[in-house]
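Engineer: Protein chains in written order, with the working numbering: chain L, 1 to 340; chain V, 1 to 340; chain D, 1 to 340.
Simulated from the structure, these hints should not be mistaken for laboratory data. Among the hints, a few may not be true.
Identical chains share a label here; the pair holds if one copy fits it or two copies do between them.
[Claimed, not checked] Mimicking SDA-like on lysine to any residue, the simulated pairs with C-alpha atoms at most 20 Å apart in a straight line are:
(1) 336 - 326
(2) 336 - 324
(3) 336 - 325
(4) 91 - 203
(5) 336 - 12
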Amino acid sequence: MADPRFFTVSGPLTLAELAEISGAKLQTGADRDRVVVDVAPLETAGPDQVSFLDSKRYVEAFMRSKAGACIVNPDFTDRAPDGMALLLSEKPYKTYALVALAFYPKAELEPCLHETAIIERTARLGEGCRVEAGAVIGARAELGARCHIGPGVVIGESVVLGADTMVGAGASLSHCLVGARVMIHPGVRIGQPGFGFAMDAGGHVKVPQLGRVVIHDDVEIGANSTVDRGTGPDTVIGPGCMIDNLVQIGHNVQLGQGCVIVAQAGVAGSTKLEDNVVLAAQAGLIGHLHIGKEARIAAQSGVMRDVPAGATVCGAPAVPIRDFFRQTAALVRLAKRKDE
Amino acid sequence: MADPRFFTVSGPLTLAELAEISGAKLQTGADRDRVVVDVAPLETAGPDQVSFLDSKRYVEAFMRSKAGACIVNPDFTDRAPDGMALLLSEKPYKTYALVALAFYPKAELEPCLHETAIIERTARLGEGCRVEAGAVIGARAELGARCHIGPGVVIGESVVLGADTMVGAGASLSHCLVGARVMIHPGVRIGQPGFGFAMDAGGHVKVPQLGRVVIHDDVEIGANSTVDRGTGPDTVIGPGCMIDNLVQIGHNVQLGQGCVIVAQAGVAGSTKLEDNVVLAAQAGLIGHLHIGKEARIAAQSGVMRDVPAGATVCGAPAVPIRDFFRQTAALVRLAKRKDE
Amino acid sequence: MADPRFFTVSGPLTLAELAEISGAKLQTGADRDRVVVDVAPLETAGPDQVSFLDSKRYVEAFMRSKAGACIVNPDFTDRAPDGMALLLSEKPYKTYALVALAFYPKAELEPCLHETAIIERTARLGEGCRVEAGAVIGARAELGARCHIGPGVVIGESVVLGADTMVGAGASLSHCLVGARVMIHPGVRIGQPGFGFAMDAGGHVKVPQLGRVVIHDDVEIGANSTVDRGTGPDTVIGPGCMIDNLVQIGHNVQLGQGCVIVAQAGVAGSTKLEDNVVLAAQAGLIGHLHIGKEARIAAQSGVMRDVPAGATVCGAPAVPIRDFFRQTAALVRLAKRKDE
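Isolated chain L, as found in the complex (with noise of 0.2 Å):
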């Protein structure tokens, strides 16, 4: 159970309830009417709680664990301990995800505007927002209907939020138009100038950085990342992209929809990632490049070149994976021939 000094359970609900919200086929034979008061992992779940299976690896806890429910793939439900009831999804996490929101639902926002917060005059909130202690709102910004500023977050001069977005402690926004739903983590950093500047003996001279940063509807950044203002034409992250901590998004970037960018990835100036792709923890893009609808970039691996929809590629310079592979495999055998 989730510690209550940090997280207030909902429910209980019924598993006709769970079946529901979730979409969830609930087995044949199961009692619509039983009650589970919580979620729980596989190995501590109790007769009250319901748990998920959404890997193979844990096939073991499942047939041994004692949760009451349990969400799992239609094809597991032979190995089911006897009394329990199952939730049966093709996508069990996401069903999961769904039951875990159901007890744990995001709190409403209780609308409030702390009284050390700095809001210029000229900024204008929508209804329900909540500004804490510190926060500082810039002239002219515009922040939609329950939108929830952090403590210590400063909102820079004419910045846009749309509704029900979040910003945490202490990031910083400037020069940015940002959708509905969006959730900026603690210390994000955006808006400011992007590294452009002409190398010069005598010394390096500053561009101008001219564009801005447009973030889409649903969009998460991670704690402590940062997104750079477009030099003239925007930097743009797509609606529906997840992006960890310690991220670097470079200037003029553009993100389609759904990306997913993890951990101390970083991405140059000027290259577009198409929809749905995914860049793993510490992968590095040059600039100007092209990535294709679905390409999957294993972690560290360092781009130079474009790549195509759908690929996965891995390594630094990255080639296809299955190149990768090969290339690693001959390695291990050369160095131990060496051996000999």
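Given chain L, put chains V and D in place with the hints provided.
Structural biologist: Only chains V and D this time, still in chain L's reference frame:
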């Protein structure tokens, strides 16, 4: 055109004025009094805007551009479309930078000490400083004229900043002496103790970090980068260094003049870079190295040995770039052979 | 000598006192009452200062040093210059740390709750705490005695800090339980939700992150590092762990006692490190791994498999370091052969 909510354009300017401001040569026969109102990329520029061509890669766009004027290398004059006025320059990107700065000059700083800023009585501020909401300036700190201290910035005790230096939102500085015209972007951390301790099975013993960070004039440090103070000698950032976002500079590191450190790169303790070294994105240097003048370290390289002046190295462990490409090619061939 | 604007030296101390404080053995015949006023590097130390020799690399400097006293391994006594008093230690760097701490002890914390700090009425603070300007302490937070909360820090609701814990400027903590004598440097982000969501073409579905971050005693976390809270189990940082700047610790990660994580390294979700693991700079561990006790992961390594206790691994994908060097050497030879 830049979004007027965020940027204010100056001008208009005549071609003669642009030539004078930027040092470019106006092509013979061009109308010196022709008026230009803004900068714009080749693709979108119109007859009253000035663009630039900096790379062969964009010659096609240049030939099709509707820009009224364009900054180009003299080699490309014969490719210019009819009616385009040419500003000739051997360094088109630097020339563009100066032209763009003429249209978008740095705004005059409006002096102000925000009523919510906490400025210790013994701190001394030069004339014309601007200190934003919630900033904290410690005892005995000294700020030169026209410093701009962003919202929520923390300037530690006895810190010294030169004239015209700017510190972005939420950054924190301690134990440092900073020069003039330095730009420190949001979230930067300067002067915290370095990662110095004696490893010990009974518990690591922290070593006091008794040095400072010394930052020379005209340096730029990107968002959320970190610069630790020295252990006894100082950590030194030379004049005109350009440091990107999320960069780590360890204790006792010395950067010469004009070094360029790209995003997410890291320099470990006591390593010294001579003038004009370029460290590309996500590269790492171990401690106690010497990197010669104008050396270039490719992206993601892991440098474990000294690098001579002028060399370009690549890979992990880093080798001269020619060797890196040979090794990469040899491995590709080896892997292919194994397939047959 | 350390800049007196930033550091205050204690002392002087006699050699006998230094030997007692540090556990070093004063060389037979040395003057127990000789007075030392400061620590200094070998190159710059004078006759009233104490230095140390920790590596063969600096023997030359040791032989030329004018330091009045020096901490050395007994093996080097015969290289000492005339007149230098020797403090003998098997662990010279640790001994130096203790001596330096004697000259530069941690300043006594002057209790103070700054008038601009926002401390919720239900928060409880131990005696002797110092809370700097603009800090925010949430409802029901509990701080032990003598905590030092920096300017602009945000301590979330119900967060618990042990005695003598310090949080640097602008850091933010939520959903965490922190031990005693912990040092959290500026800009650190602790307790935000981890990067957990069910990928879905119709829009990724965020999974509620219902765990906490548990940080044990004597931990240090470097500037701008990020530690996500667990998904249900907790993220755990064991006693005495040393974490450098810009490090990413994912949800559910468990670090044993005394682990060392160097700058810009990252640990993905649910990976477990046993005691005293060293993860060098920019290295990355994928999720769900087990890293055995005292394993060492070289800089920039990409670890994709479990690592046994005591092993040293290197490379991406990481292999035992002996294999890594063999592979590197084999590739160098192969590339050379191709040239011929």
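Engineer: Work down the list of hints and note, for each, if the structure agrees.
Structural biologist: The hints, checked one at a time:
1. 336 - 326: Classified as both; 15 Å inside a copy, 8 Å across copies.
2. 336 - 324: both (18 Å within a copy, 11 Å between copies)
3. 336 - 325: For residue 336 and residue 325, both the intra-copy (17 Å) and inter-copy (12 Å) Cα distances are at most 20 Å.
4. 91 - 203: Result: close only across copies, 13 Å inter versus 56 Å intra.
5. 336 - 12: Neither, since 60 Å and 60 Å both go past 20 Å.
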